[in-house]
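With the sequences and hints as input, model every part of the structure.
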Amino acid sequence: MFTPAKMSEVDIFVYDEQIEAVAMAIARFGALHLAEDKALGQWATGGSTEWSGRASQYAQQERRLLDLLAQLDLEPQAVPIPDELDLRRDVSRCEASLSGIEERVGALREQEATLRRALERWTLVSHSMDRLAPLWIRLSELRQLQHLHLVAGTIPTENMARLEASLFRIPYSLIPVHRYGDRSLVFAFCAQEHAPILDRALESAFLEPLALPEEYSGTAQETLSELMVAEQRDRGRLDDVRADLRALARQAGGDLLDMLARVRADRAVAEAIARFGHREHVYLIAGWTPTDRVTELRAAVESASQGRATFEENPPESFGAQRRVPTLLRNPGVLKGVEGLVTTYGLPGYKEIDPTPLVAVTFVTMFGMMFGDVGHGMFLALVGLLMLLKIVPAPGKGIDTLLLACGLSSSVFGALYGSLFGFEDILPHLWLQPMDDILTLLLSAIVFGVVVLHIGYGCRIATAVRQGALRAAVFDKNGLAGLALYWTLGALVLLPVLGHSAPAVLYVAALLLIGALYLSEPLTRLLTGQRPLLHGSKVEFGVQAFFELFETLIGYVSNTLSYVRLGAFAVAHAGLSLVVLILAQMFSGEGGPSFASIVVIVFGNLAVIGFEGLIVAIQTLRLEYYELFGKFFSGEGVPFKPLALPEAPSA
Amino acid sequence: MALGIEAIGYASAYARVAGLKAQLLAPADWQALLTADDVRRTLEALRATAYGRALRADETGEPNLETLERRLLGLSAQNVLKARGQVRGAARTLLDIWWGHYELENLKAIFRGIEHGLSPAQMRDYLIPLGERSRIDWEALLHERSVPALVERMAGTHYINPLRNALHLYQRHGTLFPLEVAMDVRYYRDVPAAIKRLGADERNVATRLLGTQLDILNILWAYRYRVYYQLSAEEIVNFTIWHTVHTDVALIQDIATGAPAVEIIERIWGLGTVDLSDVPLAASEADQLPAIELALRRYWHGLARRAMQGYPFGLGYVLGYLILQELEVTDLVTVIEAKSLGWSRERVIRRLIDHRAADGRQVE
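Chains A and B are the protein sequences, given in the same order. Numbering follows the working numbering, in which position 334 of the first sequence is assigned residue number 334; successive positions increment by one, without gaps. Numbering follows the working numbering, in which position 336 of the second sequence is assigned residue number 336; successive positions increment by one, without gaps.
Please note: incorrect hints may appear among the correct ones.
Residues of chain B placed beyond 10 Å of chain A at every Cβ, according to the derived structure [claimed, not checked]: (1) 20; (2) 31; (3) 34; (4) 56; (5) 66; (6) 86; (7) 147; (8) 169; (9) 176; (10) 182; (11) 201; (12) 285; (13) 291; (14) 308; (15) 337.
Some chain A residues near chain B, calculated using beta-carbon distances under 7 Å [as the list claims (entries may be wrong)]: (16) 63; (17) 156; (18) 162; (19) 166; (20) 168; (21) 200; (22) 201; (23) 204; (24) 205; (25) 206.
What follows is a list of derived Cβ distance ranges for each label pair [stated by the list, open to error]: (26) 16/A <-> 48/B: 35 to 43 Å; (27) 152/B <-> 142/A: 52 to 60 Å; (28) 125/B <-> 527/A: 55 to 63 Å.
Worth flagging that the hints you see were computed from the coordinates, not collected in a lab. Just so it is clear, CB atoms sit at the ideal spot from N, CA and C, and this is done for glycine as well.
So this is what it looks like as structure tokens:
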């Protein structure tokens with residue numbers, strides 16, 4: 001739990017004819033992180049175009065399947081991956097079925113689009129007829145105009161001005177009839193002799209002509225009634241087509257989801273095989289797996305290859321710094337929320353400490369200390385519990401347990417402070433009341449901060465031990481010298497405050513340690529056998545080291561005092577609650593609390609929980625990330641991403 | 001001209017672009033290219049320059065010029081991104097939009113490929129490599145089977161409405177021309193809008209550099225429509241940009257009704273500003289147009305060169321480099337094509353944009 005899972009590097013040599021079975025077995029096993037290409041050495045040039053091509057085909061099928069699901073208004077849902085996958089033949093098997101469904105969907109969608117266009121046309125023609133209605137002219141006569149050329153149609157509204165500019169050579173009339181969306185229905189007129197010019201101008205302005213319906217020859221008003229009948233007929237047909245689409249969705253939906261699961265699984269394995277090393281007739285699968293699962297993986301490979309694959313296991317130490325071992329954190333489910341906080345900052349390297357359990361304790365404690373109130377804490381805990389029971393959706397993984405823990409911690413501190421929804425006269429305080437004993441609270445916060453800082457130093461040293469770089473940690477500002485100087489300076493400050501004199505040896509120690517930190521780079525290089533002791537000029541080193549030392553010394557003070565905020569926010573929390581009570585009292589009558597004052601208390605507390613809760617969470621995170629992580633955590637780990645079959649299809 | 005805080009903001013951009021500028025071809029590189037006996041030797045000379053990484057290892061004989069040009073433009077696109085990373089605010093938005101013209105070229109290539117029934121693998125060669133910056137799903141577009149389906153695939157981009165508006169013309173006449181015009185006009189509307197959002201100094205220099213590009217494009221489009229495609233005046237007005245810095249509807253109407261190109265150029269930029277000495281005034285308009293296009297590009301090249309010689313801590317230095325680099329790619333393609341046709345050195349030089357001595361680069 002305090003360190004990433006121990007990893008082993010495995011090299012699996014597989015004959016060509018067994019590669020699919022073995023790759024599938026590894027994908028189902030789901031715990032082998034493939035090594036990067038440069039780890040394959042000469043095997044990396046073996047060529048993988050066959051499998052890349054296959055993966056590309058599966059990717060295309062996946063896209064088409066997702067398209068079809070979208071066209072049928074179907075949500076991709078989790079479907080079990082078929083047991084038997086045939087990487088070579090699934091693409092053609094799926095193709096027949098997929099093409100068939102595509103054709104049927106395509107035909108229905110085309111009918112739908114045609115009917116929609118027809119309905120749109122009826123609407124536009126109706127508007128045209130509306131405009132022509134006062135004229136009492138028959139449509140048959142309009143089609144046979146001798147001196148005027150009339151064009152009706154829809155044009156992008158943004159092209160209207162340009163259209164008018166393009167008609168600079170002829171007299172014309174352009175009448176906007178109706179606007180819908182970004183298009184306008186227009187009537188355009190000109191003299192018959194200028195018809196070609198008008199037509200070219202309209203076409204180049206992207207006008208879509210709206211022919212006066214040939215089947216209607218009466219007046220505009222007569223045509224309108226007939227149009228209504230046509231519109232209703234087409235609307236009915238459109239409803240039928242949509243019903244057919246829904247029926248097709250019900251009928252084919254299951255097959256599409258099954259195909260999608262199959263195709264995604266095939267694609268994942270094909271892409272993985274394309275990355276394997278290959279020479280002559282043998283594949284090399286190189287990667288990392290947790291050491292405690294090597295036996296299981298070996299058994300799966302041997303079963304899939306019928307004992308013909310060669311399986312080699314190597315410890316990560318055999319590769320030195322050339323290969324980056326992936327990091328797999330194994331924390332219990334209850335710590336997943338905290339693990340999320342850690343990985344937001346960064347993923348621990350393989351040789352680093354996993355600070356998740358430490359953060360779980362410190363985060364929850366610090367949050368509780370700043371948010372101490374039994375009522376507010378129980379409210380948060382209740383919300384967390386509702387999320388855990390899936391009654392309320394959780395905004396992220398692990399948030400439920402984190403809220404529950406922080407809520408309970410806040411309740412504990414609330415009991416220590418004697419605060420219940422801001423009321424401090426209902427429960428007796430088991431420790432102190434923040435507003436009445438600010439100094440004790442602030443000093444306690446600092447003491448807590450010192451403990452946390454020591455945890456940070458401890459983690460730094462532990463990390464150095466794991467990395468085999470203890471010598472490098474001796475003179476590090478967060479290592480042994482830094483810790484010793486912190487103690488020394490702390491003693492030099494505290495002893496006089498407590499009424500004792502500081503012994504001379506402490507001053508000497510402080511000076512020596514300051515000197516050691518100042519010269520940390522050359523001293524470290526001396527200890528670790530590196531030469532030269534200094535890079536660059538001595539002056540440059542001197543100036544840089546001075547400022548680094550200055551920053552370190554300032555950091556001791558700032559890092560320690562930073563934890564004062566634990567007490568300060570506890571006081572602020574109590575203060576805000578007091579404000580709510582004062583406001584509520586203003587609405588109270590002489591006979592006791594009124595309805596208005598109860599409303600103020602309820603909403604005021606909700607506001608405090610929301611507002612303060614957010615601020616306290618941010619402050620706690622800041623303390624974790626900057627004061628604690630800054631001591632030892634680089635967060636440059638490579639995430640463990642095993643080859644695995646996809647869990648569920650997604651759009 | 002950026003001063004004070006703005007100048008500090010351009011310091012890193014200047015440093016980055018100065019480094020990129022060093023990769024532009026030196027006089028010795030041009031000599032090697034122009035004096036190469038054949039295409040193979042020209043490619044060898046090109047391989048020794050910063051453009052060498054656009055060449056494939058097996059590309060030694062007659063290259064496919066179109067695909068080679070795409071790969072060279074891929075380097076130009078990368079340079080725009082490198083410069084973009086060093087500027088902020090409205091300047092960065094402008095570079096983002098300018099980078100979009102590479103996507104536009106790719107879209108046109110895919111439309112043409114689908115129209116001609118090319119396979120996705122074949123079409124891929126004609127795409128300018130844009131890396132992960134582009135948000136368009138190129139693989140999905142390459143696998144579309146028809147132009148209408150490709151148009152619908154553009155949903156979510158700002159090209160969808162213009163393409164839908166023009167689709168019926170494509171279906172009626174069977175030519176991609178209306179679709180390409182619709183995309184061009186839509187894209188080049190964004191550039192002036194982005195220029196308007198710049199601060200005063202930046203706006204002036206962007207107007208001078210990119211605004212001139214739009215002027216040149218609009219004029220050339222109008223003349224090509226009239227001279228090569230014999231489109232009518234009303235079509236010419238509708239198929240050009242509404243207005244740019246120096247062109248407006250009245251000017252386009254004049255071009256559409258037969259105003260000579262030389263007169264239009266002098267009207268816009270004044271007598272003698274654009275060097276038209278190589279334009280054969282006695283020849284037909286169709287024969288004049290290539291020379292006019294070259295003259296205008298040389299003028300634009302000169303503006304970019306002067307922008308790089310001026311105050312370095314400003315947008316002009318960045319835009320100037322990007323323009324020069326892209327025009328250098330055009331010249332490279334000209335040289336390679338000319339070598340494949342067996343042209344003499346002098347004949348090639350006459351066709352180059354950057355043909356004269358500049359910055360001590362003695363090409364002749």
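Hint check:
With a closest Cβ-Cβ approach of about 29 Å to chain A, residue 20/B is found to remain outside the 10 Å limit, as its non-interface label requires. No beta-carbon of chain A comes within 10 Å of the beta-carbon of residue 31/B; the shortest separation is about 38 Å. At the 10 Å boundary, the C-beta of residue 34/B stays outside the reach of chain A, the nearest C-beta of that chain being 38 Å off. Under the 10 Å C-beta cut-off, the non-interface status given to residue 56/B relative to chain A holds; the minimum distance is some 16 Å.
In this structure residue 66/B is separated from chain A by more than 10 Å, as the shortest Cβ-Cβ distance comes to about 24 Å. At roughly 26 Å from the closest C-beta of chain A, the C-beta of residue 86/B stays outside 10 Å, upholding its exclusion from the interface. With 10 Å as the threshold on Cβ separation, the claim that residue 147/B sits away from chain A holds: the shortest Cβ distance comes to roughly 15 Å. At roughly 7 Å from the closest C-beta of chain A, the C-beta of residue 169/B falls inside 10 Å, breaking its exclusion from the interface.
Against the 10 Å criterion, residue 176/B stays outside the reach of chain A, whose nearest CB is about 15 Å from its own CB. Distance to chain A contradicts residue 182/B as a non-interface residue, since its nearest Cβ pair spans about 7 Å, not more than 10 Å. A cut-off of 10 Å between C-beta atoms confirms that residue 201/B is not in contact with chain A; the least separation is 31 Å. Non-interface status of residue 285/B relative to chain A is upheld: no Cβ of that chain comes within 10 Å, the nearest being about 20 Å off.
Even its closest Cβ contact with chain A, about 28 Å, leaves residue 291/B beyond 10 Å, as expected for a residue assigned away from the interface. Once the 10 Å rule is applied to beta carbons, residue 308/B is consistent with being away from chain A; the minimum gap is 35 Å. No Cβ of chain A approaches the Cβ of residue 337/B within 10 Å, the least distance being about 31 Å, so the stated non-interface status holds. A least Cβ separation of about 6 Å between residue 63/A and chain B falls short of the 7 Å threshold, and the interface hint therefore holds.
Hint status for residue 156/A relative to chain B: holds, with the closest Cβ pair at about 5 Å, below 7 Å. Taking 7 Å as the C-beta contact cut-off toward chain B, the hint placing residue 162/A at the interface holds, the least distance being around 6 Å. Restraint check, residue 166/A versus chain B: the minimum CB separation of about 4 Å is within 7 Å; hint holds. Checking residue 168/A against chain B by beta carbon gives a least distance of about 5 Å; that is within 7 Å, so the hint holds.
Because the beta carbon of residue 200/A sits about 5 Å from the nearest beta carbon in chain B, less than 7 Å, this interface hint is met. Proximity of residue 201/A to chain B holds as hinted, the smallest CB-CB distance being about 4 Å (cut-off 7 Å). Proximity of residue 204/A to chain B holds as hinted, the smallest CB-CB distance being about 4 Å (cut-off 7 Å). Satisfaction of the interface hint for residue 205/A is found here, the shortest Cβ-Cβ separation to chain B being roughly 5 Å, below the 7 Å cut-off.
Of the supplied interface hints, the one on residue 206/A holds, with its beta-carbon coming within about 4 Å of a beta-carbon of chain B, less than 7 Å. As the Cβ distance of residue 16/A to residue 48/B is approximately 41 Å, the hint placing it in 35 to 43 Å holds. A hinted range of 52 to 60 Å is violated for the C-beta pair residue 152/B and residue 142/A, which are about 35 Å apart. The hint said 55 to 63 Å for the Cβ distance between residue 125/B and residue 527/A, and at roughly 58 Å that hint holds.
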